[in-house]
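Chemist: In the order they appear, the protein sequences are chains A, B and C. Per full-length UniProt numbering, the very first residue in the first sequence carries number 1; after that it's consecutive. Per full-length UniProt numbering, the very first residue in the second sequence carries number 1; after that it's consecutive. Per full-length UniProt numbering, the very first residue in the third sequence carries number 1; after that it's consecutive.
Mixed in with the good hints there might be a few duds.
To be verified - In silico negatives: residues of chain A with every beta carbon more than 10 Å from chain C:
1. G34
2. A128
3. S309
4. D455
5. P462
6. G497
Stated by the list, open to error - Covered stretches of chain B (chain C as the covering partner; in silico rule of three or more C-beta atoms under 8 Å from a C-beta of chain C):
7. 15-27
8. 247-257
9. 283-292
Rather than coming from a laboratory, the hints here were simulated on the basis of the structure. Values in this document were obtained by computation on a predicted structure and should not be read as measured data. From the three backbone atoms N, C-alpha and C, an ideal C-beta is built for every residue, glycine too.
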Amino acid sequence: MKPLLDIQRLSVDFNTKRGVLHALHEVSLTIKAGEAVCLVGESGSGKTIASKAVMRLLGHENGSIVNGRIALSGLDLNSLTQSELRAVRGKRMAMIFQEPMAAFDPVYTIGYQLVETIRRHESMSKSAARKHAASLLGRVGIPEPELCMKQYPGELSGGMLQRAMIAMALSCGPELLIADEPTTALDMTIQAQILRLLKELQKEFGMALFLITHDFGVAARVADRIAVMYAGRIVEQAPAQELFARPRHPYTRGLIESAFMPDRERGEKLPAIPGSIPNLNALPEGCVFHPRCLHATDRCRVSEPPTVSFSGSEVACWHASELPGVSPMPESRPPLSESGGAGGTGWGRMHAASEGEDLFRVEGLYKDYPLRSGLPGRPRAHIRAVDGVSFTIRQGETLGLVGESGSGKSTLGRLLLRLEPATAGTLFFQDTNLTGIGASKLRRMRKDMQMIFQDPYGSLDPRWNVGELVGEPLDVHLRLKGADKKERIEEILAAVGLDPSVMNRYPHEFSGGQRQRIGIARAIALNPKFVVADEAVSALDVSVQAQIVNLLQDLQKKMGLTYLFIGHGLHVVRHISDRIAVMHQGRIVEISPSRQLFRRPAHPYTRALIASIPHPDPQVQAEPDRMDGEPLFSTRTLSGCRFRMRCPLATDRCREERPELRRLDGEQYAACHNPLL
Amino acid sequence: MVRVVIGRIVSSLLVVVSSSVLVFVIMYLLPGDPIDSMVNVAATPPEVIASLRHQLGVDKPLPQQLADYFGKLLRGDLGTSLLTSEPVLPKIAAQLPPTLELAAVSLAIALIVGLALGVLSAIHRNGPIDWIARFVGLLGISMPNFWSGILLLLVFSIRLGWFPAMGSDGWRTLALPSLTLGLIGAGFLVRIVRNSMLEVMSEPYIVMLRAKGLTERAVMYRHALRNALIPAITVIGLLAGDMLAGTVVMETVFARQGIGRMISDAILSKDMPVVQGVILFSAVVYVVINLLVDLSYSWIDPRVRLRHRTADTGGAIR
Amino acid sequence: MRERLNLNIMLGKRELRPYRTGGLRPRSYNVLLIAAAAAIAWFAGCAIAPDWLAPYPPTEMSSDSLMQPPSWAHPFGTDYFGRDVLSLVVYGSRDSLFIGVASILIGGLAGGAIGAISGYIGGLTDAVFMRAVDVLMTIPGVLLALAVASALGPSLFNMVAAVSLGTIPGFARLMRGQTLGIKNRPYIVASRSVGVTRFGIYWKHVLPNSLSPLVVMATLGIGGSILTGSGLSFLGVGVLKEIPDWGELLSQGRSYLTVAWWICTFPGLAIALLVLSVNVIGDWLRDRLDPRRRGEAN
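Here chain A stands alone, though its shape is the one from the complex:
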């Protein structure tokens, strides 16, 4: 059968001020009608460029197709004129984009933009088009399509906008739907909903799906076939099952391992791909992956491997035949959500930790943010970001804190360090009441409590060099001078795995992972007791995340640190934490030892979160706890349990009475009237 989309030896160049950049190199990929193909790659791999090349959208970005052929059911897209092309775009192939918030024109209503698309390609009256648009919006799960038609993009949440964008893409019944990171900007539970929707629609409309993602978890949920991209090349391509069962390229293996963080003992090192993604203008000779490859030989350093076939998979690696084609995820292991017994050293450690004394004690913490009110003198409306939270953090442990965006987890982290004042409640750090001390005492206390920030690009002053950045905390607290200071900075840099020679370089010269190391260096410079890691790895590429997690664990062992690890990637949090607290709309709904939380979640919300973790084995797609709806943001406080609107188990009692956190079993606490235990 002839493929629907046929990409042959596609090469794309970008003209930049610094010369020509070879963004894609001889990429070949085919998609059959009705098939779902995922292109997986990290930032800078060229995956988005590949998708834009198919739509021929590169011209406006100074990119050009220098070689190769792209055909849509035999139609050579590369030779079409602009107006012929426009008749194909949006009609026969449609695209949805990464950031739904940015992909709609903010000054027109959703309805206008949908009707505009429909009427561009179909000869339909305005009212017929409106009707069609509304029915599409209803189909993609927007609760009130008629209302949504009249709304502006700014009035909808990211998840709803992504649904609207899908509706727009479907409006003319395309044969091929290209989705560029369609869920990356969304929360976990929403992400799962959108992927499910895409998969359903793909079947219903009988279209092919070309999904671009950095996340193997997403690929596992959707793909029939997966292609892995690295530095502008496809390094491996195989049916999804085959790829997860027998990844042949070392990069694929590394990526899968980093993406799923197989259920290992806490404290055990994660397998990580060393190094970082190469610059396109300085690609290595030979195999582009060899500098990061553990199996690299002289041959790999000299010549680029050709693509060869192995029982259904195509691999570009000199050693593909020699490497064991074994899954990095041993099949003996049960799926994550039902994983393992409670034995092992993990428990031992945890018990030891639970006997440790409390480092942090939080009692009844509240944080309200005022909303800008129209006129002075009127009572101000508030948003309650943290709503009566109490817990303790023990000396030497890692407490994980998970929740969707807007759950208040980052606010809670900042409150603990008193980077923001709490509205009410008390905070004890060892024996000091942090809420009761003055500014200068607090500044001195900061020596013991530090923070690692989410955004490795924004959290370093671009005008300071590494030496100055790492030296800043030393200046503030130790007043070290000259050689002493320099020596100390070098020590710290070495501890986070950076070469001391980088001292005179500026943040923009580093990759994301290296910048995060600089951020960590600042945090540990003063030998703190407690560190808040606020989404410390979320902004990093998958292959780099594992490196940073390993580093954090090393430092914890060496320096006896206590962590509050805030994250939304559940598997990362699970790997690093002794205990995990789950936050939902400003409240902690469950807190329990991390193994136990995954094995037997007590709160329905926790269960739903765990169910939204993708699993590498495409066969394991059981989703018993699909959660519909979106988190609610409102200044009006919902009575009773805030989760009840989305909860399958909600009863009348949940509406009337607010559930308090109570002990269920051993170390496990949950705030639910009908716990699952």
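For this one, chain A is given, so just place chains B and C on it according to the hints.
Modeler: Frame of chain A; chains B and C shown alone:
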């Protein structure tokens, strides 16, 4: 929405009042006595000067003078000119039409030329139109308006004799000064519109619109332009104010009647009531322009309307 | 969006904004830039050592060469008193440049300080300062300068004061916006988390990072101030010295427009050329310093 508008009007009034207080105080504190410009001080007996001062009220302390001034203002009395003894308000009203004519025509030229060139130059980036637009833009912010006025005068009026060199009646007298002001304004606007268009053209939603198969025309004029106008509106507002200020120079260069001429004469002769009156007038104009800018914002940008709506209800945000 | 950003990162830093390089094409841009720098250097030379560059003393009046059109002896012609226009232009550049630079320095410092305090401290201070700036903005710059200059009387210093007053609001608003934007950047919170004092954070992080747009605005503002200054002279509230500045020269020449076009034309050309050159430099600075064109800021 109503509440927001009322709030705006109240704060606008406050601004107008404080700017006239400011001018009053500046004029009071600065050296120089209005009497100097009325009579020859050396040749006038001191009693006469004293009685004149009393008559004008300038011998009272500042707060008293201020109170008097605002008291009269509330009754619609802006005082009388020290030089001609005419009441100020009718004087302004009489001089207003030629000035408004000039400002309006100049603004129209600036808008048409500036918007068209700015948009075309962004769309045809690095093409010939872009070059012209950038050149116009640079000239617009670099040419002294009095000089370009004189050059136009020299060429079109003195050499070619196409337009009269002076006067303020009829469109022929309007052509040169409005062209001078208009083209300079267009230069300012071109720079803003071009930048703003380029900015919008790199937004993700533009790629999305192209991916939907829309024609380049629809993408540019229906979507990019409307978004690019949002930041440009503020500049258009400022430009409208600048046009009025520009009339001061233009009316001198082209010997026209008008408010601009009137205030520069009044300033030079320290005719305080007239200066006060005109500055009050210009503050009112400024405030009105600002209100219009705000209104057109909420007309063109739904996000502003939404913000107002939430400010009103104080209620749920997304 | 993201992918493009990543391309930036892959390239090491900066650049690769293939579209939206605000400037002209690189090579011709450089030619223009060099020409502008040369012009500014020449005017600066005129301001510093006019007696070296002017062919005649500016006050030398020769009754046998009244209102001569441009010639080899007098490239810009002579005026009604027989003074050499070129020499007058050379001598006049000192005042124009001084007014342009000094009033922007004063206005920029005052406005920048107001904006910085307003933005960093916020609250009531912010409200009061910004309302004051609003009030200042209601009065068109030219009128304000005209009123102040005429009330203060003719002197170079008064002229600077008058011109700088009108530039304050722009600087204040810009600096306030910058400060507000930067004080919420993650790296500011990061410094707070290691215990740096509020003032320390301002001085070491906020200020250095908020300055570059101010520098651009100041550069472009010099041009504007030169225009305002010469405009004031033109309207007759100038410095009034033996040697007229450009605006006054123009104003004088206007009376002889029908018979001697050169008296008006050349001083005006000088103003336009100087301001144009300053603006070219300003545009170039803006393109260089614009954070959106640099990978580091996000």
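Chemist: Determine for every hint whether it applies to the structure shown.
Modeler: Going down the list of hints, with the structure as the test:
| no. | hint | verdict |
| --- | --- | --- |
| 1 | G34 | 28 Å, holds |
| 2 | A128 | 34 Å, holds |
| 3 | S309 | 30 Å, holds |
| 4 | D455 | 5 Å, violated |
| 5 | P462 | 4 Å, violated |
| 6 | G497 | 20 Å, holds |
| 7 | 15-27 | holds (count 8) |
| 8 | 247-257 | holds (count 4) |
| 9 | 283-292 | holds (count 3) |
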